[in-house]
Amino acid sequence: MRDPNEQTVAEKLRLHFNGLTRAERQLTVTLLSNYPMSGLGSISELAKAADVSGPTVVRMAQKIGFAGFSELQAALRSEVEETISNPISKQERWTRNAPDAHILNRFADAVIDNLKQTLQQLDTKSFDETVRLLTDRERAVHIVGGRITRALSDYFFTHLQVIRDDVIAIASNANTWPHYLLNMKPGDVVVVFDIRRYEHDILRFVDLARERGVLVIVFTDQWASPAAVNAEYVFNARIEAPSAWDSTVVIMFILEAMIEAMTTTTWEVTKDRMNTLETLFDRTKMFSKSS
321 MRDPNEQTVA EKLRLHFNGL TRAERQLTVT LLSNYPMSGL GSISELAKAA
371 DVSGPTVVRM AQKIGFAGFS ELQAALRSEV EETISNPISK QERWTRNAPD
421 AHILNRFADA VIDNLKQTLQ QLDTKSFDET VRLLTDRERA VHIVGGRITR
471 ALSDYFFTHL QVIRDDVIAI ASNANTWPHY LLNMKPGDVV VVFDIRRYEH
521 DILRFVDLAR ERGVLVIVFT DQWASPAAVN AEYVFNARIE APSAWDSTVV
571 IMFILEAMIE AMTTTTWEVT KDRMNTLETL FDRTKMFSKS S
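Under our numbering, the first residue of the sequence shown is numbered 321, with each subsequent residue one higher.
Treat each hint with caution, since some may be false.
Listed below are the simulated DSSO-like cross-link pairs for lysine-lysine, each with C-alpha atoms no more than 27 Å apart in a straight line [stated by the list, open to error]: (1) Lys445 x Lys383; (2) Lys368 x Lys383; (3) Lys436 x Lys332; (4) Lys591 x Lys609; (5) Lys332 x Lys368; (6) Lys591 x Lys605; (7) Lys591 x Lys445; (8) Lys332 x Lys383; (9) Lys505 x Lys445; (10) Lys505 x Lys436; (11) Lys445 x Lys332.
So the derived label-pair ranges between C-beta atoms look like this [claimed, not checked]: (12) Thr599 x Ala577: 38 to 44 Å; (13) Arg603 x Arg397: 57 to 63 Å; (14) Met572 x Asp371: 28 to 34 Å.
It is worth saying that the hints were derived from the structure and are not from the lab.
The beta-carbon is built from N, C-alpha and C at its ideal position, and this holds for glycine as well.
Let's have the full structure, built from the sequences with the hints guiding it.
Take a look at the structure:
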């Protein structure tokens, strides 16, 4: 069984990218463009797709920490198994050899490690560019999540509503999604949340949004949702935890950092919106106040 804290092939590729030769970078782009399926064929098929030589494939595999291409490919196969694993198999895997430490400590250790590994690979330039995109009031922002990630999309939507106008929360019922697509304009932004087991409806929605000229931002896990292929910006967060369920703590961390960056960037406008909102809260007596 693969160590859940081990880096994925994609993470290793991104980490070593700047130290690769031009041909090896070309090969890396090919691998990541249809990850992980692009690496599951023969070495000759991959070399042909990337327009590089077979030895280049072997050298690149060795540079990122594998003995050769066959070991890299075995890692990819293991990752495919991980992405389709269900809560029952994950629970059994974590509890089979669980240490004696209290679950609070084990869970905290896993989350802290997830955060550290995610931050090591998070591109701050992409983060800043995403903030600029989401604060551009000429663009509407559409937000969609899946079965589990719906909570993340709702949280992000609630905060963006305060920061700016023209933010749309897409309903959970996929049968209504064509109505939302109808109102999307070229240059709009759609924020997508999708972690393993990736949802077919999300992928179809992103494909259709792209056809309408919409820019896509994807928050996903270390293996990356298939929807990431069509995204301008992708945020890969580690989600492994000693549980039947995946942990979305690191994704929430990135979201809250992004919310703060957006608030700071647009403070004069956001401050006015907050003041208006507080007045509305007072008039509706929504919150209790101490006497």
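Note to self: Tell me the hint numbers this structure goes against, listed in increasing order.
What the structure shows: The structure breaks hints 10, 12, 14; every other hint is satisfied.
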